[in-house]
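**Student:** Spelled out, the chains give:
There are 2 protein chains.
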Amino acid sequence: MTKIKRVLGLLPRLLAFGATLSATIVMATSHERVNILGFSFEAKYTDASALKFFVIANAIVSAYGLLVLFLPWESLLWRLVVALDAVFTVILTSSISAALAIAEVGKKGNSHAGWLPMCGQVPKYCDQVTGALAVGFIGLIIYVVLLLYSIYGALNPLLVLKF
Amino acid sequence: MTKIKRVLGLLPRLLAFGATLSATIVMATSHERVNILGFSFEAKYTDASALKFFVIANAIVSAYGLLVLFLPWESLLWRLVVALDAVFTVILTSSISAALAIAEVGKKGNSHAGWLPMCGQVPKYCDQVTGALAVGFIGLIIYVVLLLYSIYGALNPLLVLKF
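As you go down the protein sequences, you meet chains A and B in turn. Counting from 1, position 66 in the first sequence corresponds to residue 66 in the UniProt record's numbering; the numbering is continuous, with no gaps. Counting from 1, position 74 in the second sequence corresponds to residue 74 in the UniProt record's numbering; the numbering is continuous, with no gaps.
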C-alpha cells in the first residue's frame, strides 16, 4: 500500500519530466526555411535569445527531474528537494515567460515599435514554437503544484511522513 | 530582544515592498515623445503587453507586501505566507522575465526577424524602463531569498519558532 502511494507520488514528477523534456526537444528542433522574394531565409530557435534560454532552462530542469525520480525513498535529500523545486520553478517560469513574450511579438508584431509579425512567413516554425511553449507550460504548472504541495506538507508535520 | 529580532525580520519585506512599488511607479511613468522626420511619436509602457504585465504584477505584489507588513505576529496566517510568497515570486519572475525579453529586443533589436532597436530614438524612455527592471529585479531577489529561507525554516521545526 505504501509502495503504491509512493509510486503515485512520483507520477506528477514523471509527467513534469516528460513535459520539460518534450518542450526542450520540440523547441530545439524548430526551424523552417523559406524563400521570400528570391532570398532564402531560415527561422530557428537560436534567432532569439529568449528561445535559447527556454531550451537551456527546460534541459536543466529535465536533468533535475530525472535525478529526483531516482532519489531513494529513505534519502534525507528529499527535504532539500522542496528548496530545489522552488529554484527550478523560478528558472522555468522565467524561461517560459521570456519565450512567450518574444513569441507574442513574433505572432502579432508590435505596431508601436514597428516590429512586423513573422508567423505569416514561417507558419510551421511558429506552430512548433507554440507547441513547445504549451508543453513547457504544462511542466511549469505541475512544478508549481508540486512546490505548493511540498510547502503544505512541510508545514504540516503529519504530511511530511508521506514522503 | 525578541521584538528587535521581529523588526529585523520584517526589514527584507520592507525592502522588497519598496522595490516592487518603485518598479511599478518608474515603469508606469515611463514615456517619451519625440519627433522623427516630422512625425510625432510617443513611446510609453502601454505599447508592449509585457511591460503592462510588469506594472500590474509589481502593483499586485506591492499590495501583498504591504498587507504582510501589517500581519500580527500571533496570526496563524504566517504559515500561509510561505505558500503566498511562492505564488507571488512566480508571478514576479514571470513579469520581469517577459519585460526583460521585450526590453532586450527594444535595445538590441533582432536582425533575424527584422525588428529594429528603438533605444536610439527614445533614450530617456529606455533608461527609465531599464531602471524599473533593475529595481524590480532587486525585489525579485529578495522574494526568492525570503521564500528559500521560509522553506528552510518550515523544514527545521526549531527555526519555525522564530516566526
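It should be emphasised that the hints constitute simulated quantities derived from the structure, not laboratory data. Fair warning: there could be bad hints in the mix.
[Claimed, not checked] Simulated crosslink set (DSSO-like; lysine-lysine; CA at most 30 Å straight-line):
{"#": "1", "chain 1": "A", "residue 1": "Lys108", "chain 2": "A", "residue 2": "Lys124"}
{"#": "2", "chain 1": "B", "residue 1": "Lys124", "chain 2": "B", "residue 2": "Lys44"}
{"#": "3", "chain 1": "A", "residue 1": "Lys124", "chain 2": "B", "residue 2": "Lys124"}
{"#": "4", "chain 1": "B", "residue 1": "Lys108", "chain 2": "A", "residue 2": "Lys52"}
{"#": "5", "chain 1": "B", "residue 1": "Lys44", "chain 2": "A", "residue 2": "Lys52"}
{"#": "6", "chain 1": "A", "residue 1": "Lys107", "chain 2": "B", "residue 2": "Lys107"}
{"#": "7", "chain 1": "A", "residue 1": "Lys124", "chain 2": "B", "residue 2": "Lys107"}
{"#": "8", "chain 1": "B", "residue 1": "Lys44", "chain 2": "B", "residue 2": "Lys108"}
{"#": "9", "chain 1": "A", "residue 1": "Lys124", "chain 2": "A", "residue 2": "Lys107"}
{"#": "10", "chain 1": "B", "residue 1": "Lys5", "chain 2": "A", "residue 2": "Lys108"}
{"#": "11", "chain 1": "A", "residue 1": "Lys44", "chain 2": "B", "residue 2": "Lys52"}
{"#": "12", "chain 1": "A", "residue 1": "Lys107", "chain 2": "B", "residue 2": "Lys5"}
{"#": "13", "chain 1": "B", "residue 1": "Lys107", "chain 2": "B", "residue 2": "Lys124"}
{"#": "14", "chain 1": "B", "residue 1": "Lys3", "chain 2": "A", "residue 2": "Lys107"}
{"#": "15", "chain 1": "A", "residue 1": "Lys52", "chain 2": "B", "residue 2": "Lys3"}
{"#": "16", "chain 1": "A", "residue 1": "Lys44", "chain 2": "B", "residue 2": "Lys124"}
{"#": "17", "chain 1": "A", "residue 1": "Lys107", "chain 2": "A", "residue 2": "Lys44"}
{"#": "18", "chain 1": "A", "residue 1": "Lys108", "chain 2": "B", "residue 2": "Lys3"}
{"#": "19", "chain 1": "B", "residue 1": "Lys124", "chain 2": "A", "residue 2": "Lys108"}
{"#": "20", "chain 1": "A", "residue 1": "Lys108", "chain 2": "B", "residue 2": "Lys108"}
{"#": "21", "chain 1": "A", "residue 1": "Lys107", "chain 2": "A", "residue 2": "Lys52"}
{"#": "22", "chain 1": "A", "residue 1": "Lys44", "chain 2": "A", "residue 2": "Lys124"}
{"#": "23", "chain 1": "B", "residue 1": "Lys107", "chain 2": "A", "residue 2": "Lys108"}
{"#": "24", "chain 1": "B", "residue 1": "Lys107", "chain 2": "A", "residue 2": "Lys52"}
**Student:** It remains to establish, for every hint, whether it holds in the given structure.
**Tutor:** Structure-based check of all given hints:
1. A:Lys108 with A:Lys124: Distance ~16 Å between Lys108 of chain A and Lys124 of chain A Cα, so the pair holds.
2. B:Lys124 with B:Lys44: holds, 11 Å
3. A:Lys124 with B:Lys124: Violated. Lys124 of chain A to Lys124 of chain B sits at ~38 Å, over the 30 Å cutoff.
4. B:Lys108 with A:Lys52: holds, 16 Å
5. B:Lys44 with A:Lys52: holds, 28 Å
6. A:Lys107 with B:Lys107: Within the cut-off at roughly 20 Å; holds.
7. A:Lys124 with B:Lys107: Distance ~28 Å between Lys124 of chain A and Lys107 of chain B Cα, so the pair holds.
8. B:Lys44 with B:Lys108: holds, 18 Å
9. A:Lys124 with A:Lys107: Cα-Cα ~12 Å, so holds.
10. B:Lys5 with A:Lys108: violated, 51 Å
11. A:Lys44 with B:Lys52: Cα-Cα ~28 Å, so holds.
12. A:Lys107 with B:Lys5: violated, 51 Å
13. B:Lys107 with B:Lys124: holds, 12 Å
14. B:Lys3 with A:Lys107: At roughly 54 Å apart (the allowed maximum being 30 Å), Lys107 of chain A and Lys3 of chain B break the hint.
15. A:Lys52 with B:Lys3: violated, 48 Å
16. A:Lys44 with B:Lys124: violated, 33 Å
17. A:Lys107 with A:Lys44: Holds, at about 15 Å.
18. A:Lys108 with B:Lys3: This hinted pair is violated, its Cα atoms lying about 54 Å apart.
19. B:Lys124 with A:Lys108: Status holds; Cα separation ~26 Å.
20. A:Lys108 with B:Lys108: holds, 19 Å
21. A:Lys107 with A:Lys52: Between Lys107 of chain A and Lys52 of chain A the Cα gap is close to 18 Å, so the pair holds against 30 Å.
22. A:Lys44 with A:Lys124: holds, 11 Å
23. B:Lys107 with A:Lys108: At roughly 19 Å apart (the allowed maximum being 30 Å), Lys108 of chain A and Lys107 of chain B satisfy the hint.
24. B:Lys107 with A:Lys52: holds, 18 Å
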